[in-house]
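S.K.: Residue numbers (our numbering), protein chains in the order written: chain A, 917 to 1599; chain B, 262 to 533.
What the hints contain is simulated information worked out from the structure, not anything from laboratory work.
Fair warning: there could be bad hints in the mix.
What the hints assert, rightly or not - Derived SDA-like pairs: lysine to any residue, alpha-carbon spacing no greater than 20 Å straight-line:
id: 1; chain 1: B; residue 1: K296; chain 2: A; residue 2: V1143
id: 2; chain 1: B; residue 1: K500; chain 2: A; residue 2: T1191
id: 3; chain 1: A; residue 1: K1474; chain 2: B; residue 2: S418
id: 4; chain 1: A; residue 1: K987; chain 2: B; residue 2: T460
id: 5; chain 1: A; residue 1: K991; chain 2: B; residue 2: K326
id: 6; chain 1: B; residue 1: K296; chain 2: A; residue 2: T1191
id: 7; chain 1: B; residue 1: K293; chain 2: A; residue 2: G1185
id: 8; chain 1: B; residue 1: K314; chain 2: A; residue 2: A1242
id: 9; chain 1: B; residue 1: K500; chain 2: A; residue 2: L1141
id: 10; chain 1: B; residue 1: K459; chain 2: A; residue 2: D1097
id: 11; chain 1: B; residue 1: K322; chain 2: A; residue 2: K991
id: 12; chain 1: A; residue 1: K987; chain 2: B; residue 2: A458
id: 13; chain 1: B; residue 1: K511; chain 2: B; residue 2: S527
id: 14; chain 1: A; residue 1: K1474; chain 2: B; residue 2: G347
id: 15; chain 1: B; residue 1: K296; chain 2: A; residue 2: L1230
id: 16; chain 1: A; residue 1: K1180; chain 2: B; residue 2: G311
id: 17; chain 1: A; residue 1: K1534; chain 2: B; residue 2: R398
id: 18; chain 1: B; residue 1: K326; chain 2: A; residue 2: W944
id: 19; chain 1: B; residue 1: K459; chain 2: A; residue 2: A1337
id: 20; chain 1: B; residue 1: K296; chain 2: A; residue 2: D1097
id: 21; chain 1: B; residue 1: K500; chain 2: A; residue 2: G1185
id: 22; chain 1: A; residue 1: K987; chain 2: B; residue 2: K326
id: 23; chain 1: B; residue 1: K314; chain 2: A; residue 2: K991
id: 24; chain 1: B; residue 1: K293; chain 2: A; residue 2: L1186
id: 25; chain 1: A; residue 1: K1596; chain 2: B; residue 2: F456
id: 26; chain 1: B; residue 1: K499; chain 2: A; residue 2: D1139
id: 27; chain 1: A; residue 1: K987; chain 2: B; residue 2: E519
id: 28; chain 1: A; residue 1: K1596; chain 2: B; residue 2: G311
id: 29; chain 1: B; residue 1: K330; chain 2: A; residue 2: V1407
id: 30; chain 1: B; residue 1: K459; chain 2: A; residue 2: I1529
id: 31; chain 1: B; residue 1: K497; chain 2: A; residue 2: L1141
id: 32; chain 1: B; residue 1: K296; chain 2: A; residue 2: K1474
id: 33; chain 1: A; residue 1: K1596; chain 2: B; residue 2: K293
id: 34; chain 1: A; residue 1: K1596; chain 2: B; residue 2: Q404
id: 35; chain 1: B; residue 1: K330; chain 2: A; residue 2: A1337
id: 36; chain 1: B; residue 1: K296; chain 2: A; residue 2: G1185
id: 37; chain 1: A; residue 1: K1534; chain 2: B; residue 2: G349
id: 38; chain 1: B; residue 1: K459; chain 2: A; residue 2: W944
id: 39; chain 1: A; residue 1: K1596; chain 2: B; residue 2: K322
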Amino acid sequence: MEFKKKVLASAVLLGLASQMAMAGDIRWYGSVYNKFLDGNQNSQTGLYNNSEFGSGDIGQGTEFELMFEAKVSEKVEVGGRLKSRFDSNYWSNFGGFGGGCEAPAGGGEVTCTGESNPKEAQYLKLRGIYTRITPGYDWIDSVTIGSNDWGIFDPMTIGKMRYIDRDNGSGILAQGALFDDSLRYDFARISLPSLWAGPQFGTGDLHAQDAAYALQLGGNVGDDLNVTLIHEYVQDQELDANDTNATNGRRLETRFANTVTGLKLAWDGLDFLSTNVALYNSSFDIDDSITEARWTPTPSKSVNDTSLLLNVELSDFGVEDLTVSAQYFDIGKDYFSMMASRREADVLLTEGYDAAWGWSRPNYNSKSAGTANVGYGGWRGTQQQVVAVNADNEFTDFDEAQAYSVIGWKGLTVIPRYTIADVDLSLEITLLDFNDNEQACGSAVKADCAMPGLDGVSGWGVGGDYRSVLSPYQDKSTNIFVLRAEHQLDVLGGIDLSGFVKFMGDEDKRVTSNAALADAYSNASTVIAHHKHDDREADYTSFGLSVGAQLHQDLYVKAYYDVYEVDLMDGTIDNVPTVFDGWEQGGGWVEYQTGQHSKNIFGLQADYIISGIEVGAKVEFIHGTYDPEYYQGNADGSVTEVTGAAAIDALVAGSGWNGNIDAPSEDFDYSQYRMKVFVKTQF
Amino acid sequence: MTTKIKTMLKALTAVSTFALSLSAAAGSIEFKDPKGDDIGAGHVVYPTDGVYKPGSFDLKKFIVKSDSKKATFTAELNTTLEDTWGMGSGFAIQMIFVYIDTKPGGHTDSVPGTNVTFASGSEWDKVVILSPQKQSRVISEAQVKAPNILSDIVVPSRTKGKGKKITGKVNLADLGEGDPTTWGYQVVVQSNEGFPAKTDLLTRKVNEYEGQHRFGGQADTDCDPHVLDVLAGDGKGKKSEIAAQIEMLKFECSEDGEIVKLSELSMLRKSK
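Next comes chain B alone, as it looks inside the complex:
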């Protein structure tokens, strides 16, 4: 057995050496998000099934790295990821939407199922979806549920979860021209739902009362934001950003549960 262990360590060393030789320098920016703000508009409660561990949807850090060809997006959460449903990606219950503002103008509507909009001046141009679902499943859902924004949806061919981080890499060319470190970003944390409602793009509902696989704490209709955590304030992880998030996610519903005013998200930028 000792010989076998040595063989394995040699193999590990060889692979690491090969990998090191391939490493490349990258520009990067980083946003931080306070702990404990996975409460959406203020009072979202997790589903009650055991797979939804505390902190599973609590964004702590968002990192963008880029080189001349690729951009890598990493969302770090406040708990260790688990592939409880055997998705094969290293995680299962989370889904991250990375909205990017690369140029003036763009979309104000969000991906179906999140029930948020973007403020004037914070319109998005591309959204990168980090999902444990297969790329083709996400795209096929988008073709039906979001045809008007389909060309601006980017899904990495491989999204993986490791430790507390969900990472996806895309071609820079798919995002547009410019320097990714100067773009505006908004990160929306949602939950991967394999059996979504007919209008939702693989997102999980937030209802009035939490259920085994439904979030609670808001309303049973779609007048409220179905998001669990977003970047807010300066994106530095200060406690005050919790209040900023709640303020940003304010919404209004009519007496019969119709939309009066959707939550309005803003983009965050890193100043040079």
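Chain A on its own, in the form it takes in the complex:
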């Protein structure tokens, strides 16, 4: 019987038999997850938010997951899970009976309900199935065939890419070590997700052989330096339309290819200093014949670019309990990795923008339309940054993190952290510049831009829905300053106090010459006389306090109150988006938002844990106001605020926003109540 050599070297193993205790055993485990939603939107489109189908904020549903792992023999293991579909599987469906499909009179999309709608019926789906072989050879540790979340690689190349589950992606993974275990390797072939991994959100008609290939090599050089090299190649192929003779087989042609190479160095040579640097190069080649589409997660033409991340951390250097983290980042404006993490990763040190202003898609200008997506309150907390064009925030709850694409970002973040007398302090200073600060993306006209204006899903903030960093006309800078403090009062078993103050300055001159106005604002509803009339300036101020305590051995309760304010000047009344379609207005996609915004969030959170079961509850009461302001442009480029109801009404009536702002001179009030309770039982 042969064992991995290192085991024999490390311990006295009395001939551990091949028919080990685990062989033949199946380990069954799983969970039952119940979610209870309540809110005042009273939407039942699903048990989480979704920009396409709307966001449900009421109802109850159950998800069942049964997982297993089995050691078939000493060298073979299998695992997987059966998981019930969780979407619109409300308890009120009564198990999914009934329903049917209906075609609307006169044509249109067929709608199905009940047993005929997969999102409502609680059928079980197969997930996470893998076979793992550990043959026992020196040069290979394991081969895993099947599902994987690919977390072994890197969020800038191949990252975790949840949709809807973490391990929907399947492939073959070989892992091992060479040269006396000094060089570790991971090699993978991953089938490309045909749903989204390509131009126009897909991999074309022929998808079964499309794949990403990756090789990762890593090891230590000396005692202090760790080196990792990653190379990835993605290929999407289609049948060659020019090969009309099928009798000798069919030729293929490449629809797109994406090559990404990364080199990472981590050095820990000094007790007080940790450094790591990561350099990436990407190349994206696309078939010229593919029609450009606005809704696409890929560039529209072939591009290549680089990205650099440099992290330095000083610990206890000169001052005990003082830690200083710093990151320099430079993400190329054309850096593109098809398989980069779309969420579940955070590639930058900065906490970024406030998720409370995340793409909540409220109808700022329409009192009757209400809200869609996650709602006026936005997501809770800060954002996590990814380098995927299509940062994916679908199927999330309001208390989860929001992902945001940072392609094109460059800048510096410094965060000193200091603990004194049990008060934990941190101060973030981030200075942001953008590699895509260009006019018409550096081309003659914006039609030549490579990156798509993927609105909404990855967009951000008041006035930022359509203007992600991928805006064709941009001249932007952003500063972020955050002070956070935490302390535990030593009374009543410990009372946790925390607070924060945050300022963000965000300016964008957008179009910087009059000559470019015609191209920038090519839609008919926008007539801007001077390039300064579209300048945007937003000052964000937010602060919050929280108090938490372990009221009982099993129960932790926290209350929090946050205030988010924005002073936004989003150009004159003549300014409507540089990328704009008429349908976006009035739907919460693109709205007039210049003015003063204030949002207050009061929340209560409870966590109850006893062995085997966890109950989490969060209730938020949100109220806010929007006080619109209107500006008119002057011939010399200056702007003048217009006041008075009659003057404002006349101004709006004569602008491209006419008909899309209810009662232009009035304030808008918002209130939202939302609750999420989950009960998770592990068995």
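Based on these hints, arrange chain B on the given structure of chain A.
M.R.: Below, chain B alone, put in the same frame as chain A:
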């Protein structure tokens, strides 16, 4: 914006001044551990997921600070901590067991899931668990998986990670009588596992072959120590302590993977 920055700096100064006024003197002891000994019994290999960065389980320093009411335990590791799983504690993948010998006698069995025992004369009386999990989760797991030692398990109400350090503070009264600087200590570095095996207290398995979230390099059964780094030798961080650790963690398994001899840990003390 300048005004806002000034406001923020003023606030920082005010909070720092307030905090300074609260600071108190403390007695302390410190143990060091050599770099590169996060190999358990000699050949543990990290899981292959990207979150398990080199040095993540490599103990460099262990510090005990105490005043008349509280004891603070700090484990310093050989890499910067990250809260990759959003635990809210500033770290995610590590878990530290601090075994304390406060008086003669005590337990020889370890917390379930680590598969080690304590040598005669090194019995432990209390174990402080520094976990990124909520306190109530750790305690609820212990109630089921370690009922026989439950009264001697202490979990800080707040455990935090910052820089390379994991810190937890507990009431001195929960540890027993005596001077913490004279007690014996053993520190076991493990990994936080949210989906542990039924017998393991939130610990991650060490198997024969490493997996995405499993350590490798030892055996597939529970006859081997599921620990990644411990204090050894004199606790001064000398290279020779690597060999001392491997020697201390020696174990024996039977042909069918049953336990013949578990690894035996010893306590370390700081001589006055």
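S.K.: Decide, hint by hint, whether the structure agrees.
M.R.: Against the structure, the hints come out as follows:
1. B:K296 - A:V1143: Roughly 18 Å separates the two Cα atoms, so the pair holds.
2. B:K500 - A:T1191: Cα-Cα ~23 Å, so violated.
3. A:K1474 - B:S418: holds (14 Å)
4. A:K987 - B:T460: holds (18 Å)
5. A:K991 - B:K326: Cα-Cα ~48 Å, so violated.
6. B:K296 - A:T1191: Within the cut-off at roughly 17 Å; holds.
7. B:K293 - A:G1185: holds (16 Å)
8. B:K314 - A:A1242: At roughly 18 Å apart (the allowed maximum being 20 Å), A:A1242 and B:K314 satisfy the hint.
9. B:K500 - A:L1141: holds (18 Å)
10. B:K459 - A:D1097: The hint is violated at about 32 Å.
11. B:K322 - A:K991: violated (38 Å)
12. A:K987 - B:A458: holds (15 Å)
13. B:K511 - B:S527: Since the Cα atoms of B:K511 and B:S527 sit roughly 13 Å apart, the hinted pair holds (cutoff 20 Å).
14. A:K1474 - B:G347: holds (17 Å)
15. B:K296 - A:L1230: Given pair B:K296, A:L1230 holds - Cα atoms ~18 Å apart, limit 20 Å.
16. A:K1180 - B:G311: holds (12 Å)
17. A:K1534 - B:R398: holds (18 Å)
18. B:K326 - A:W944: violated (44 Å)
19. B:K459 - A:A1337: violated (40 Å)
20. B:K296 - A:D1097: holds (19 Å)
21. B:K500 - A:G1185: holds (16 Å)
22. A:K987 - B:K326: Measuring from Cα to Cα gives roughly 46 Å; hence the hint is violated.
23. B:K314 - A:K991: It is violated: about 27 Å lies between the C-alpha atoms, which goes past 20 Å.
24. B:K293 - A:L1186: holds (15 Å)
25. A:K1596 - B:F456: holds (13 Å)
26. B:K499 - A:D1139: Distance of about 15 Å is within 20 Å: holds.
27. A:K987 - B:E519: Holds, at about 17 Å.
28. A:K1596 - B:G311: violated (27 Å)
29. B:K330 - A:V1407: Holds. B:K330 to A:V1407 sits at ~13 Å (cutoff 20 Å).
30. B:K459 - A:I1529: Between B:K459 and A:I1529 the Cα gap is close to 14 Å, so the pair holds against 20 Å.
31. B:K497 - A:L1141: Violated - the C-alpha atoms of A:L1141 and B:K497 are around 23 Å apart, more than 20 Å.
32. B:K296 - A:K1474: Given that 20 Å is the threshold and the Cα spacing comes to 40 Å, the pair is violated.
33. A:K1596 - B:K293: violated (41 Å)
34. A:K1596 - B:Q404: Answer holds: A:K1596 to B:Q404 is near 18 Å, not above 20 Å.
35. B:K330 - A:A1337: Cα-Cα ~14 Å, so holds.
36. B:K296 - A:G1185: OK: B:K296 and A:G1185 at ~10 Å, within 20 Å.
37. A:K1534 - B:G349: Roughly 16 Å between the alpha carbons, so the hint for A:K1534 and B:G349 holds.
38. B:K459 - A:W944: Holds. B:K459 to A:W944 sits at ~10 Å (cutoff 20 Å).
39. A:K1596 - B:K322: violated (37 Å)
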